[in-house]
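*Asks:* Here are the chains, one letter per residue:
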Amino acid sequence: MSTADTDARLKRLGLYAVLVAMAGFYLLPILTGLFTSITSPESYTGQSPFLPPLEPLIAETGSLSLQPWGNAFDGLARGLANSFILVIPATILSGLFGSMAAYGLTNVDWRGQVGIYALFVAGIFIPYQAVLVPLTQFWYNVVPLQSLFAPFAAFPLVQAYHWKLVALIVTHTAYGIPICTLLFRAHYKKLSDEMIEAARLDGASVSTIYRRIVLPLSIPMFAVVFIYQFTQIWNDLLFALTIVQFGDASVVTQELVGIGVSQAGTNFPLRMAAALLAALPTLVVYVLFGDKFAEGVTA
Amino acid sequence: MAELTLDSVTKVFNEGGSDEVVAVDELSMGIEDGEFLVLVGPSGCGKSTTLRMIAGLETVTDGEIRLGERTINDSSPADRDIAMVFQSYALYPHMTVRENMRFGLEESTDMPDEEISATVEETAAMMGIEELLDRKPSELSGGQQQRVALGRAIVRDPSAFLMDEPLSNLDAKLRATMRTELQRLQADLGVTTVYVTHDQTEAMTMGDRIAVLDDGVLQQVGTPLECYHTPNNRFVAGFIGEPSMNFFPTTRSDGTLSAEQFSYPLPAAIASALGDATEVTLGVRPEDVELRPADGDRDDHEFDCVVDVVEPVGESNNVYLRFADAPEGETFIATISGMRNVAAGDRVVATIPPSAIHLFDDRTGEALKNRSLDDVDGVTPT
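Protein chains in written order, with numbering that gives the first Met the number 0: chain U, 0 to 298; chain E, 0 to 381.
Because the hints were derived from the structure by calculation, they are not lab data. Fair warning: there could be bad hints in the mix.
As the list claims (entries may be wrong) - Calculated cross-link-like contacts (lysine-lysine; reagent style BS3-like; alpha-carbon spacing at most 25 angstroms):
1) U/Lys291 / U/Lys188
2) U/Lys291 / U/Lys189
3) E/Lys368 / U/Lys188
4) E/Lys172 / U/Lys291
5) U/Lys189 / E/Lys135
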């Protein structure tokens with residue numbers, strides 16, 4: 000074997016060593032969480048959290064139990080449902096509107112579009128904290144959404160308190176449009192002008208070009224935007240606390256705050272199971288849109 | 000099908016601004032029904048802008064564009080009944096070839112579905128792309144994409160075709176084939192066509208007529224041979240033809256042109272045609288320059304030269320010549336038969352026959368005298 004070969008092998012070995020170390024580094028907290036979530040609350044203290052439970056959850060039987068997960072699910076069920084009701088429409092709407100706005104600002108030519116685009120960019124930099132009070136005022140005093148929504152409560156599966164989720168959907172959609180517009184615009188700038196012109200010569204209107212040409216070519220970008228917005232909105236606590244405040248319409252992040260906390264102390268296994276459970280949907284979204292996401296970010 | 004008329008068409012970008020650019024200036028020409036007109040010029044000369052104005056992709060600042068009897072200045076691109084082939088082909092990447100070809104018919108006509116399908120199949124068969132119909136553009140070679148782009152334009156059955164350098168992305172061999180094929184196709188369909196290119200070979204070989212544009216101004220419209228043999232001005236003379244015409248700046252006194260390296264006596268008939276122009280550029284096409292070995296006597300139109308470089312093209316040699324007493328680097332070109340043997344450093348005698356010279360006024364660039372066409376068929380060594 001020549002020295003060059005040996006060098007190459009050593010390099011490869013080093014590469015794998017680094018990769019394994021990195022995988023361990025990133026997976027350890029998750030492993031810790033997983034093991035904690037199946038540990039008996041009584042035996043939680045006094046053992047290394049990243050090792051399998053020393054004392055099996057159900058004492059004396061030697062078998063594990065997923066009971067904290069069951070409890071976590073029971074505790075979070077309502078929050079999870081509310082979160083899904085909120086996140087799915089808000090994600091789709093902000094993505095769709097962002098895409099439309101980006102198309103109008105990038106591929107359609109009209110006067111003053113730079114000024115409008117500047118407003119969109121400015122919108123990205125408005126901090127959440129700055130709008131909390133006006134937002135509460137808006138949804139509770141300016142727009143009587145609660146009474147406007149009341150008639151819809153007669154529909155099956157719709158509850159009167161859902162008006163708060165509608166308010167959240169609108170808020171998150173509005174807040175998400177600027178960043179979505181920015182992301183889509185970067186993508187649309189790379190679309191061939193000649194292709195859009197060819198479609199115009201082929202007789203397609205501005206809206207037809209969007210529907211039949213631009214939208215189908217945006218799918219990878221939608222994956223990027225959906226993952227981003229889904230995670231963002233799912234994990235939001237601030238707007239939910241401001242608009243939902245408390246009660247039946249609480250979303251999962253709000254429910255998570257209180258779970259496993261009692262006067263007797265903190266039930267860490269339950270909290271850990273709940274935290275993992277609450278993070279699961281974002282993980283699923285990554286897996287579902289992952290390959291399109293890769294296409295989108297490398298496009 | 001219809002004739003296309005441009006009447007004093009002008010395009011100004013950033014009008015009224017400090018960076019105002021006149022891209023096309025008072026362009027007037029008529030393209031007859033079924034004619035193949037090639038719009039040619041160097042990059043930035045306004046040829047693409049002109050095409051885009053005809054297509055409706057750019058607004059017209061001033062003047063009028065008519066298709067048949069209809070003024071189309073303010074019609075939307077969709078209403079102009081025009082199809083365009085782009086340099087990048089501009090196919091819709093997410094659609095199959097069939098969908099690409101259907102798109103225009105679906106959007107611009109009320110044709111029922113079966114009729115669209117039949118029309119697409121028929122056009123695809125004519126273009127020889129039937130077996131590609133269910134493929135995506137990314138699965139096609141450059142030549143196939145080109146063919147699909149053409150098919151997409153043809154299937155619309157428009158009043159006019161606009162083509163913006165459609166062959167420039169193909170390799171040389173395929174480009175030559177497609178040139179011929181495109182001409183045949185256009186002749187068969189008989190659709191008025193405006194074809195934009197910067198390649199003078201395409202212009203010469205493809206057009207019924209060619210329009211030469213420079214800096215937004217129309218220099219000449221004529222058949223390829225008219226532009227080649229009787230250019231209106233120095234620009235056209237230099238742009239059309241490969242290798243380019245040789246130019247020598249000269250000063251005229253009576254019947255003699257004096258250049259730095261030589262003086263050239265003019266026959267009386269030519270001298271009288273020059274009027275009062277004193278600064279005159281002498282032009283001669285490389286193939287009109289004759290070479291013979293350096294022996295015997297020289298007459299007034301023969302000059303001692305040294306061969307600088309020889310470029311063999313196969314059927315001909317491009318010989319770069321230097322006047323015997325000229326400094327390095329100042330050369331002119333003669334094209335001679337590929338079967339004649341010349342080598343760098345050879346001393347030769349170059350003849351510039353008076354019948355083949357062009358003379359241009361330096362002040363205006365306009366042609367004062369073009370080569371005599373009496374002997375076009377029989378230019379033989381004298």
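*Asks:* All hints, please: hold or fail.
*Replies:* Quick rundown of the hints versus the structure:
no.	hint	result
1	U/Lys291 / U/Lys188	holds, 19 angstroms
2	U/Lys291 / U/Lys189	holds, 17 angstroms
3	E/Lys368 / U/Lys188	violated, 52 angstroms
4	E/Lys172 / U/Lys291	violated, 39 angstroms
5	U/Lys189 / E/Lys135	holds, 20 angstroms
Checked against the numbered hints above, the structure breaks hints 3 and 4 and satisfies the rest.
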